[in-house]
Amino acid sequence: MDSMEVIRQGYFQECEELLLAMEEGLIAMESGEADAETINAVFRAVHSIKGGGGAFGLSHLVKFAHGFETVLDHVRSGVLTPEADSIKILLRAGDVLADHVNAARSGRALAADHGDDTVADLAALAGGEAEEEEEGGDPFASSFTPLRLDLDDDTSTPGTPGMPGWRILFRPTGRLYAKANEPFLILRELESLGPCEVEADLSALPPLADFDTDRSYLGWTIRLMADVPRAAVEEVFEFVVDDCVLEIELLADPVADIELPLPAMAPQDAPEAPQTPEAPDKQAAPAEAPKQTIRVDLDKVDRLVNLVGELVITQAMLTQRVTESGLARTSLVSNGLAELEHLLRDLQEGVMAIRTQPVKSVFQRMPRLVRELSVQTEKQVHLVLEGEATEVDKTVIERLGEPLTHMIRNAVDHGLEATAARIAAGKPAEGTVKLSAEHRGGRIVIEVSDNGGGINRARVREKAVEKGLISAAAVLTDEETDNLIFKPGFSTASQVSNISGRGVGMDVVRRSIQDLGGRIVINSVPGQGSRFSLTLPLTLAVLDGMVVAVGGQTFVLPLTHIVESLKPREQDIRPFGRDRSLLKVRDAYVPLVKVGALLGVPGSQPDAAGGVVILVESEGSGRLALAVDQILGQRQVVIKSFEANYRNIDGIAAATILGDGRVALILDVDGIVSRCRADACHNEDIELAATGTGP
Amino acid sequence: MGKTILTVDDSRTMRNMLVMALTNAGHTVVQAEDGMHGVEMLAQNPGIDVIITDINMPRMDGYMFIDHVRRDPQARTTPILVLTTESEPAKKQRARDAGATGWIVKPFDAEKLVAAVRRIAP
Amino acid sequence: MSDTIDEMRLQFITFLTGEQEYGANIMTIREIRGWTETTPLPHSPDYVRGVINLRGVVLPVVDLKARLGRGLTAANPKHVIIVVNMGARTLGLLVDAVSDILTAKAAEIQPTPDLARDTQSDFVEGIVVLDQRMVTLLSMEKLAQSFAGAAEAA
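If you read the sequences in order, they're chains D, Y and U. According to numbering that gives the first Met the number 0, the first sequence is numbered sequentially starting from 0. According to numbering that gives the first Met the number 0, the second sequence is numbered sequentially starting from 0. According to numbering that gives the first Met the number 0, the third sequence is numbered sequentially starting from 0.
Treat the hints loosely; a few may be bogus.
[Said to hold, decoys possible] Only some residues are given here: those of chain D computed to face chain Y with a beta carbon under 8 Å: (1) 9; (2) 10; (3) 50; (4) 73; (5) 76; (6) 80; (7) 81; (8) 173; (9) 178; (10) 181; (11) 237; (12) 238; (13) 244; (14) 248; (15) 347.
[As the list claims (entries may be wrong)] Stretch by stretch, here's where chain D covers chain U in the computed footprint (C-beta under 8 Å, at least three residues): (16) 53-64; (17) 71-83; (18) 122-136.
Please keep in mind that the hints were generated in silico from the structure rather than gathered at the bench. None of these values were measured; they are calculated from a predicted model. We put the beta carbon where it would ideally sit given N, CA and C, even for glycine.
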């Protein structure tokens, strides 16, 4: 990628942030909580989006942003006091601007009339001004006074021999110096156009004693011997023309060039509306200074996380050595080490916190979604956001957007009843959807709840039977019934509506949450609504694992996949097929796999009954019994990928570093389960075997 | 003949564009995100040769920033370029009145930017 | 132009493995450390000795002797792991010992004689002869690539 493309990408990232800031500000305006600085911030966000868009030639975006900006400028200067209706237009304009940004980002064109109604509304708000264009506006209109010059001989041909060029009289005023302009640089710049004869006029120079450094005493007469356009000469004086006496005349032999129109410097298709005079109080001191932030390459943070992890391990080893050496616990060394351990724990927490961000960035996408859904479903929806400041790992945040979007869609589309039904049920016409986040016990809990009709269990059951997910005779608790909606194949075409059905069902939502190491729980009360609770780890870099021994080696199993661990009895293990076995767990038979044999670890327990079995479950693929030699304990481990340096290994998800500094491999339970079950034990076979040998 | 240039702009994209254009031309760039930050950076980096500043910024806008620089005995002679858009002649005039040395019209191309810097910096 | 390339001085770290001396461009070597027990990786070729913890990074270690088709190194703490960095990829090379730093002009590097073609010639960049010593220069890049490829095939 070239650097321009990197900046372009950066621009779109920044746009995302600016759009969020803009929406936040507009929402504050809507609720009447906006102060002058909020409105300024909204204006700046739109202005910055426009500015960057101009740099990348995004003319449609710039055009739209410009009209939007004009209205905002009226608002911040007090010309326009936004009423509820006009704020709605501004919110809609924000959405259209976001559409423009997304279209530009993905390189697809918006419909030609996209947002036209909004453009018209904005124009009306701006009092028609946004439509007025200043055709080819002179960029220097206010500061550049063209000098009149007698061009009586403008017919000469280019390249006339003799002395083409310009005679320039230049006498700076004191103000020129006060603005840090420097005549010497201007002369140098003139020389870059061609050879110059410079004559200084010292006649105004006072005696040294009277010299006032803030005044100007010098003047110059320059003969520029170059066949250059007048505009090129004027450009040299562009910045100082108001702060000097300047005369530019043709030398005796005229040059061919005639005054050229000044180059237009902005895209022609970006209409510019006249700026309204600014209210003098507009830059009143802002309410509060924003938090200072820096942007850091995630790799750098991860390196830091690694180093701190290493430090913690080294410290643990050191402590162990000291203990082994027999030093008293009260010795200065031991005390020092205890202190170090304490500090390191704080350091580790602090470093982990660098990777975290408030969930706000995801939450803030939802108001727009709900506004759109509300229109599409013709339901009145009030969205409540809570705990937006709750922080969680950046990677988790990035992967929360999709599932949350889907759940909010569901809540509005399926959760809330139609307005008439709500009124009939004696509920307020406006339904409420609440999205909240909080920290609870070292994890983050995100809830999506609605005050709708709750899950229609009879309907869910009927559908599940219809889809063959359960037998018609199955006896299910309410909870089990509710959980049917997570079954793959539950949400299918017949149930797809415009809104919720986009080819993804709740099974996909559950899968993505589980991929993040999280869990999802439904709580639904008929007539009162439903609540979906997601529980997620604060970071993906850490995993709760069960540490097991196989052969001489140590492996880690992710706790999220473990159903139970048990000591198998000899008689519960049945050979199956050529070289496979099944383990009877209560009334079910589960394929039994020896981890040692699977991974080719020498010296492991040859007999599963001599070791321990861990029953694992993989979403979608079912259960598997993994035989290991011994369980060593449970602990939180830091996940280390080795794929970058090596490659993906079947059955291994990643690695981690244990307390003794050694590397241990983390088993890929999903991979192992799906491979073993596909490989060896087709579901039918197992069911057959289970029927044949069952009680 | 590289200069040390302080860029003051709240838009990251604009800062990036400035950095790219200026560093390619052999200049060193010090960045600030608003006027207040610019004042801090100016105090921390005594060797600033040129300042390029935006107008619309949070905390301290471009006019106030320019005014501050022109009152600062250490920095008052530092040339300042203002980033304006074509539609803002009034703003440009105001920036000049506040003491800006010159201006650059957004969107700018790298050549014009570098030429403008050359025109104001020794 | 070619003159300047030929005059360019290159530095190599040389090391011994299986009684032969090899060299690797010093720019690719990040550090040298003593042998530590590795954690074996399942489903990997024998020359992949496993992974070690290099200050928090999980580093795969390749037995150079085995990789060149001359049998496994009986590793003990006197052996050395050379940490090679190739762009985004870092890997450890198990060798017997590090011997020298060698400076050679590009012009002094000779191509591999055709006679000597074998497993290792895939990774050889050239040969430098100094006094009585012959140093075989290995391309760390090719080694790293082959390592990923071979591992994939295994």
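For each hint, the structure was consulted:
1. With a least beta-carbon distance of about 5 Å to chain Y, the hint placing residue 9 of chain D at the interface is held under the 8 Å criterion.
2. Below 8 Å, beta-carbon pairs count as interface contacts, and residue 10 of chain D has one with chain Y at about 4 Å; its hint therefore holds.
3. Against a cut-off of 8 Å between C-beta atoms, the interface hint on residue 50 of chain D holds, since the closest Cβ of chain Y lies about 6 Å away.
4. Interface restraint check for residue 73 of chain D: the shortest CB-CB distance to chain Y comes to about 14 Å, outside 8 Å, so the restraint is violated.
5. The closest approach between the C-beta of residue 76 of chain D and any C-beta of chain Y is roughly 12 Å, which is over the 8 Å cut-off, so the hint fails.
6. Evaluation of the residue 80 of chain D hint against chain Y yields a violated restraint, the C-beta minimum of about 21 Å exceeding 8 Å.
7. For the restraint placing residue 81 of chain D at the interface with chain Y, the shortest Cβ-Cβ distance is roughly 19 Å, beyond the 8 Å limit, so the hint is violated.
8. Because the beta carbon of residue 173 of chain D sits about 13 Å from the nearest beta carbon in chain Y, more than 8 Å, this interface hint is broken.
9. Checking residue 178 of chain D against chain Y: minimum C-beta separation of about 5 Å stays under 8 Å; hint holds.
10. For residue 181 of chain D, the interface hint holds, since its Cβ comes within 8 Å of a Cβ in chain Y; the closest pair sits about 6 Å apart.
11. The restraint placing residue 237 of chain D at the interface with chain Y holds, with a minimum CB-CB distance near 7 Å, inside the 8 Å limit.
12. For the restraint placing residue 238 of chain D at the interface with chain Y, the shortest Cβ-Cβ distance is roughly 3 Å, inside the 8 Å limit, so the hint holds.
13. Contact between residue 244 of chain D and chain Y, as hinted, is not supported at the beta carbon level, the nearest pair being about 17 Å apart and thus beyond 8 Å.
14. Interface restraint check for residue 248 of chain D: the shortest CB-CB distance to chain Y comes to about 22 Å, outside 8 Å, so the restraint is violated.
15. About 30 Å separates the beta-carbon of residue 347 of chain D from the nearest beta-carbon of chain Y, more than 8 Å, and the hint is not met.
16. Only residues whose C-beta sits within less than 8 Å of a C-beta in chain D count toward coverage, and the region 53-64 of chain U has 6 of them, enough to reach three; the restraint holds.
17. For the region 71-83 of chain U, the assignment as covered by chain D is violated, since 0 residues bring a beta-carbon within under 8 Å of that chain's beta-carbons and 3 are needed.
18. For the region 122-136 of chain U, the assignment as covered by chain D is violated, since 0 residues bring a beta-carbon within under 8 Å of that chain's beta-carbons and 3 are needed.
When each numbered hint is compared with the structure, violations occur for hints 4, 5, 6, 7, 8, 13, 14, 15, 17, 18.
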